[in-house]
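Visitor: Next come the chains, spelled out residue by residue.
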Amino acid sequence: MIGLVVVSHSGTLADGVAELAGQMAPDVRIVPSGGDGSGGLGTDYLAVAEAISQADTGDGVVVLFDLGSAKMVAEMAAEESAGEVLVVDAPLVEGAVAAAVAAQGDAGLPQVAAAASGAASVGAESVGSSAEPETARTPEAADGSTVDSVSAEVLLTNEVGLHARPAALVARSLTGLDARVVVRFGDQEADATSVLALMGLGAPGGGRVEVTATGPDAPEALRRVTALAARDFDE
Amino acid sequence: MGCTAERVAEALRAVARVVAEHREELVRLDREIGDGDHGENLNRGFTALVSKLDGDVPGTPGAVLKSAATTLISVVGGAAGPLYGTAFLRAATSVGDAAELDAGAVAGALRAALEGVVARGKAAVGDKTMVDALTPAVAAASSVAATGGDVAGVLAAAAEAAEQGAESTVPLVARKGRASYLGERSAGHLDPGARSTALLLRTLAGSAR
Ligand SMILES: Nc1ncnc2c1ncn2[C@@H]1O[C@H](COP(=O)(O)OP(=O)(O)OP(=O)(O)O)[C@@H](O)[C@H]1O
Ligand SMILES: [Mg+2]
Numbered sequence: 001m002i003g004l005v006v007v008s009h010s011g012t013l014a015d016g017v018a019e020l021a022g023q024m025a026p027d028v029r030i031v032p033s034g035g036d037g038s039g040g041l042g043t044d045y046l047a048v049a050e051a052i053s054q055a056d057t058g059d060g061v062v063v064l065f066d067l068g069s070a071k072m073v074a075e076m077a078a079e080e081s082a083g084e085v086l087v088v089d090a091p092l093v094e095g096a097v098a099a100a101v102a103a104q105g106d107a108g109l110p111q112v113a114a115a116a117s118g119a120a121s122v123g124a125e126s127v128g129s130s131a132e133p134e135t136a137r138t139p140e141a142a143d144g145s146t147v148d149s150v151s152a153e154v155l156l157t158n159e160v161g162l163h164a165r166p167a168a169l170v171a172r173s174l175t176g177l178d179a180r181v182v183v184r185f186g187d188q189e190a191d192a193t194s195v196l197a198l199m200g201l202g203a204p205g206g207g208r209v210e211v212t213a214t215g216p217d218a219p220e221a222l223r224r225v226t227a228l229a230a231r232d233f234d235e
Numbered sequence: 001m002g003c004t005a006e007r008v009a010e011a012l013r014a015v016a017r018v019v020a021e022h023r024e025e026l027v028r029l030d031r032e033i034g035d036g037d038h039g040e041n042l043n044r045g046f047t048a049l050v051s052k053l054d055g056d057v058p059g060t061p062g063a064v065l066k067s068a069a070t071t072l073i074s075v076v077g078g079a080a081g082p083l084y085g086t087a088f089l090r091a092a093t094s095v096g097d098a099a100e101l102d103a104g105a106v107a108g109a110l111r112a113a114l115e116g117v118v119a120r121g122k123a124a125v126g127d128k129t130m131v132d133a134l135t136p137a138v139a140a141a142s143s144v145a146a147t148g149g150d151v152a153g154v155l156a157a158a159a160e161a162a163e164q165g166a167e168s169t170v171p172l173v174a175r176k177g178r179a180s181y182l183g184e185r186s187a188g189h190l191d192p193g194a195r196s197t198a199l200l201l202r203t204l205a206g207s208a209r
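Residue numbers (the UniProt record's numbering), protein chains in the order written: chain U, 1 to 235; chain W, 1 to 209.
The hints are simulated quantities; they were obtained by calculation from the structure and are not laboratory data. Note that the structure is predicted; figures quoted are calculated from it, not measured. Some hints here could point you the wrong way.
Claimed, not checked - Facing chain W, according to a computed beta carbon distance under 7 Å, are these residues of chain U, among others:
no.	residue
1	36
2	39
3	43
4	45
5	46
6	69
7	76
8	150
9	154
Glycine included, C-beta positions come from ideal geometry on N, C-alpha and C.
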């Protein structure tokens, strides 16, 4: 499983980001490395190098950072590391959450890195006003019939709706399936493999969402999502 | 006359003294367009380096430079740690295990240092960083070495060009590092990293005389 390192000038910030990302990814090693090593703001090369080796299970590590100089420290430590390490330029908080969830879903190193760096655009997309009308919810074949897609309306009977933890469970439940799953709430839609996009829908408890799955594993994907909702996301 | 490991170590001790003398100045410059830690960062790093050299001076100039790199990387912190650390590391690699450095080797080491700083920080001339001091210094050093100058001559030319390069950062708007967050407000200030680079080269030139 891919590990994560959060490098920040502030120890408090690094710890907080690691805590937040860890909530959605209980099995991922997320190691914070913040501060200058003597209680002040800054970065500490040796501490970052140590954090990388702690985060590495042998599969590789993604390193996220706050300011530019932390990137330089992280890159030096990555070059010196024996394992495979990618330093990813991503928004720190969203990037860490997205990377953690991807790692929890057993994604490989490039996928976890991509999840982190894609976090900014995913977030922006999901908070945008409304989905473009031309993004058809179910792809249509030339003759107008829909292609192997299934959908269901789901009532969110849990208390918090599609909040962080339920969203993470949905995204995680889909790993390994060959299906594109879209969740629609009101006039917004989100890719169900993206925790941030799902959270961005703001679907509350008591809300109703439409889940549409397309692709070879569409039925199984839909079954997993509806089953989670039916169990109130194990709340 | 070539430059031995002992002389490189002596020059680095001199740099440590100069950095300590200019600590306040570098802090003040960094406070104007950064977070005010540059003088502190460098002073901590070079103080640690002196203690290390007091314990043992490695046998070749390259090994001394490598040892300096390791200390600066782990002790300086900030942007200057990785940047100066990479500079010294590349310089060490460039001189290999030669027992003495001639003018060409010194100019080559400076060029390698610049390449390291650019590889690490991705700054170009005009971005208001230490690259603005180091780039003209390398050009001046190379031309003196190419026309038969000695080590002292190479370093004197490098120092002179670095000082001018540092001055040239005053009107610039920062595009790299912390100062870049200030945008237009970074103009009108001397870049602390460019200043420390000029100080370092001036000190090396002084010890080579
Ligand atoms: N990307 C870069 N490339 C080259 N030089 C840089 C770069 N970023 C910063 N610098 C240089 O580093 C100097 C600042 O060094 P300093 O030791 O104060 O680090 P810092 O910017 O405060 O780091 P931190 O943000 O980690 O506290 C700048 O004046 C500039 O010359
Ligand atoms: Mg600073």
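Visitor: Now look at each hint and say whether the structure bears it out.
Guide: A quick look at each hint next to the structure:
1. 36: Holds, about 5 Å.
2. 39: This interface hint is violated because 13 Å lies over the 7 Å limit.
3. 43: holds, 6 Å
4. 45: holds, 5 Å
5. 46: holds, 5 Å
6. 69: holds, 4 Å
7. 76: holds, 5 Å
8. 150: violated, 48 Å
9. 154: violated, 44 Å
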